[in-house]
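Trainee: Sequence:
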Amino acid sequence: MTLQPRCEDIYQDRDQFAKLVREVAAPDVGRMGIEILSFTIKDVYDKVDYLSSLGKTQTAAVRRDADIGVAEAERDAGIREAECKKEMLDVKFMADTKIADSRRAFELQKAAFTEEVNIKTAEAQLAYELQSAREQQKIRQEEIEIEVVQRKKQIDVEEKEIIRKEKELIATVKRPAEAEAYRIQQIAEGEKVRRVLLAQAEAEKIRKIGEAEAFVIEAIGMAEAERMKLKAEALQSYGEAAQLALVLDALPEIAAKVAAPLSRVDEIVVLSGESGNVTSEVNRLLAEIPASVRAITGVDLTKIPLIQKATGAQA
Numbered sequence: 002m003t004l005q006p007r008c009e010d011i012y013q014d015r016d017q018f019a020k021l022v023r024e025v026a027a028p029d030v031g032r033m034g035i036e037i038l039s040f041t042i043k044d045v046y047d048k049v050d051y052l053s054s055l056g057k058t059q060t061a062a063v064r065r066d067a068d069i070g071v072a073e074a075e076r077d078a079g080i081r082e083a084e085c086k087k088e089m090l091d092v093k094f095m096a097d098t099k100i101a102d103s104r105r106a107f108e109l110q111k112a113a114f115t116e117e118v119n120i121k122t123a124e125a126q127l128a129y130e131l132q133s134a135r136e137q138q139k140i141r142q143e144e145i146e147i148e149v150v151q152r153k154k155q156i157d158v159e160e161k162e163i164i165r166k167e168k169e170l171i172a173t174v175k176r177p178a179e180a181e182a183y184r185i186q187q188i189a190e191g192e193k194v195r196r197v198l199l200a201q202a203e204a205e206k207i208r209k210i211g212e213a214e215a216f217v218i219e220a221i222g223m224a225e226a227e228r229m230k231l232k233a234e235a236l237q238s239y240g241e242a243a244q245l246a247l248v249l250d251a252l253p254e255i256a257a258k259v260a261a262p263l264s265r266v267d268e269i270v271v272l273s274g275e276s277g278n279v280t281s282e283v284n285r286l287l288a289e290i291p292a293s294v295r296a297i298t299g300v301d302l303t304k305i306p307l308i309q310k311a312t313g314a315q316a
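Going from the sequence shown to our numbering is simple: count from 1 and add 1.
Watch out, some of these pointers could steer you wrong.
As the list claims (entries may be wrong) - Calculated pairs, SDA-like style, for lysine to any residue (alpha carbon to alpha carbon, straight line, at most 20 Å):
#1 K166 / Q187
#2 K206 / I140
#3 K209 / R135
#4 K20 / G31
#5 K206 / R196
Said to hold, decoys possible - For each label pair, taking beta carbons as the anchor points, the in silico distance ranges come out as:
#6 V25 / E82: 54 to 64 Å
#7 I140 / R104: 47 to 57 Å
#8 V150 / I188: 23 to 33 Å
#9 R23 / T60: 20 to 30 Å
#10 E108 / C85: 26 to 36 Å
#11 R165 / Q137: 40 to 50 Å
#12 G222 / A96: 49 to 59 Å
#13 E254 / M95: 52 to 62 Å
#14 E254 / Q187: 51 to 61 Å
#15 E254 / Q138: 23 to 33 Å
#16 R105 / G222: 37 to 47 Å
#17 R105 / Q142: 48 to 58 Å
Hints in this document: simulated from the structure, not taken from any laboratory. Ideal Cβ positions, reconstructed from N, Cα and C, are used throughout, including at glycine.
Start from the sequences, fold in the hints, and give me the full structure.
Mentor: See the structure below:
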């Protein structure tokens, strides 16, 4: 029986060697009536310990490979650990970035909500103040008209009383000369009364002009409130609203120019006794405001839709 494998192959792969022995020996022993059912190699050795030296070499190589594998595994583990730390830091950075973005978005949204609430509150307050001012203006206008009517009635009564006394005096005085002299005296007293009434009317007119000036100041205050509203709206839109904000910024200067002539007046005499004179005087002062605005800012209030709407509502 001749086998071809080398000693190293026999030592390292005993199963293959046993298979070769069984394949080679089976026909020979079969001719002798023997059948090989199982064949196992218990040990392989030689007299010069060559095979045992191979085992030691293999063991040393295995140990060397094992040490190298451990070192490589530790190296790979360190690399993987560093990669994991890097991934963890990347994830943490992304999470922190998302948190910061979310917080910033929340603050922006909160600021937007706060701004919207403030704008709505300012609009509601302004609407209330405007409505209250309109009602007060109507009430004051009615009071002025009532006072004018009462004053007219009082003057009519006084004039009728003077006429009645004159007629009574003419009817009761016997001597025409005395009656004529007395009549002249009464006429003089009537003229005196008339002058007193005119002076009272003049004082009343001055008071009405003062109230008109107060109305102008109140109108300027309302315009200032409108300016605040328009400035709030300018955060969301520009153009026409920006022009209106410029106009409203100039209103203090306009009011100063309107009131400047009155500061140099010692006495104001209004000759008209009509009830609508005070209102017409106030309207005249207000009508001069657009021209003053156009002279100072170059903006024509009559071309701004919001002012047109406001003036149309008051008209």
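Trainee: Tell me, in ascending order, the numbers of any earlier hints that this structure violates.
Mentor: Going through the list in order, the structure violates no hint and respects every one.
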